[in-house]
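A.B. asks: Single-letter residue listing:
Number of protein chains: 2
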Amino acid sequence: MRYRRHVFVCTNARPVGGKPSCGARGGVEIAAALQRAVATAPDLVGAVAVTPCGCLGPCFDGPTLVTYPDGQWLAGVGEADVPAIAAWLAGGPLPDRLRYDWDDDDEPSG
Amino acid sequence: MRYRRHVFVCTNARPVGGKPSCGARGGVEIAAALQRAVATAPDLVGAVAVTPCGCLGPCFDGPTLVTYPDGQWLAGVGEADVPAIAAWLAGGPLPDRLRYDWDDDDEPSG
Numbered sequence: 001m002r003y004r005r006h007v008f009v010c011t012n013a014r015p016v017g018g019k020p021s022c023g024a025r026g027g028v029e030i031a032a033a034l035q036r037a038v039a040t041a042p043d044l045v046g047a048v049a050v051t052p053c054g055c056l057g058p059c060f061d062g063p064t065l066v067t068y069p070d071g072q073w074l075a076g077v078g079e080a081d082v083p084a085i086a087a088w089l090a091g092g093p094l095p096d097r098l099r100y101d102w103d104d105d106d107e108p109s110g
Numbered sequence: 001m002r003y004r005r006h007v008f009v010c011t012n013a014r015p016v017g018g019k020p021s022c023g024a025r026g027g028v029e030i031a032a033a034l035q036r037a038v039a040t041a042p043d044l045v046g047a048v049a050v051t052p053c054g055c056l057g058p059c060f061d062g063p064t065l066v067t068y069p070d071g072q073w074l075a076g077v078g079e080a081d082v083p084a085i086a087a088w089l090a091g092g093p094l095p096d097r098l099r100y101d102w103d104d105d106d107e108p109s110g
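Protein sequence lines, in the order shown, are assigned to chains A and B. When we follow the numbering used here, the leftmost residue of the first sequence carries the number 1, and every step to the right adds one. When we follow the numbering used here, the leftmost residue of the second sequence carries the number 1, and every step to the right adds one.
If you are wondering where the hints come from, they were derived from the structure by calculation, not from laboratory data. This one's a predicted model, so the numbers in the text were calculated from it and none came from an experiment. Just so it is clear, CB atoms sit at the ideal spot from N, CA and C, and this is done for glycine as well. Check the hints yourself; a few may be wrong.
[Stated by the list, open to error] Between beta-carbon pairs, the in silico distance windows are:
id	chain 1	residue 1	chain 2	residue 2	range
1	A	Gly92	B	Val16	24 to 30 angstroms
2	A	Pro20	B	Arg4	23 to 29 angstroms
3	B	Arg14	A	Pro15	34 to 40 angstroms
4	B	Pro93	A	Leu94	35 to 41 angstroms
5	B	Arg14	A	Ala90	28 to 34 angstroms
6	A	Phe60	B	Pro95	24 to 30 angstroms
[Said to hold, decoys possible] Chain A is faced by these chain B residues, among others (derived, beta-carbon under 8 angstroms):
id	residue
7	Leu56
8	Cys59
9	Pro69
10	Trp73
Only chain A is shown next, with the shape it has when bound in the complex (with noise of 0.2 angstroms):
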């Protein structure tokens, strides 16, 4: 395993006036913010990627992101949650608010 955590941040954009789109709610400043907070923490440079991603499937709920190997769901993310995911990623507590968990009958979508 090259990284302790890998995130995917979907910075997806869609065309105004359809379905959201995580691109268009901030998820590219959610992907840099995370990056950055990474490379400035200790216990995360090197340990953690955080990766740009296309569609994750649940755009209503967006901007969302998944960590692995653990598999876990991040949805309704903004900026300013940045610092309590990288508080997370070193081994605090998921704040609830944050945490996307998959409903059955949710279908994923390119």
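Place chain B on chain A using the hints.
C.D. replies: Showing chain B alone in chain A's frame:
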């Protein structure tokens, strides 16, 4: 764990003349072909997700992908390898030529 396997394929594009990039060497086409292969395989659809992503780090060895939760890295992937990768995702062996093991000297880059 929402998916049995989540595949992230680097589609990062860099300007011509600099460091190579997966997006300029077929990453986009590989991601699309793998999405199609998964969508049309009854034992993979719904269980395996394929998401394009930004830079994964080993730019000189790309096109690159990583799968989770197992944390297996693949490099030097071509579109012609997609059937073999789909067969691996369905439980077959991973061809040695595609296996990528990080050297500790490798420096991840964004």
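A.B. asks: Each of the hints needs a verdict: does it hold here or not?
C.D. replies: Hint check:
Checked against the hint of 24 to 30 angstroms, the pair A:Gly92 and B:Val16 fails, with Cβ atoms roughly 43 angstroms apart. Judged by the Cβ atoms, the range 23 to 29 angstroms given for A:Pro20 and B:Arg4 holds: they are separated by roughly 27 angstroms. The hinted range of 34 to 40 angstroms is not satisfied by B:Arg14 and A:Pro15, whose Cβ atoms lie roughly 26 angstroms apart. At about 36 angstroms, the CB distance of B:Pro93 to A:Leu94 agrees with the hint of 35 to 41 angstroms.
At about 31 angstroms, the CB distance of B:Arg14 to A:Ala90 agrees with the hint of 28 to 34 angstroms. Range check, A:Phe60 to B:Pro95: about 39 angstroms between beta-carbon atoms, so the 24 to 30 angstroms window is missed. Proximity of B:Leu56 to chain A holds as hinted, the smallest CB-CB distance being about 6 angstroms (cut-off 8 angstroms). Nearest Cβ of chain A to the Cβ of B:Cys59: about 13 angstroms, over the 8 angstroms cut. The hint is violated.
For the restraint placing B:Pro69 at the interface with chain A, the shortest Cβ-Cβ distance is roughly 4 angstroms, inside the 8 angstroms limit, so the hint holds. Using the Cβ-Cβ criterion of 8 angstroms, the hint placing B:Trp73 at the interface with chain A is satisfied: the shortest such distance is roughly 7 angstroms.
In this structure, the earlier hints numbered 1, 3, 6, 8 are contradicted, and the remaining ones agree with it.
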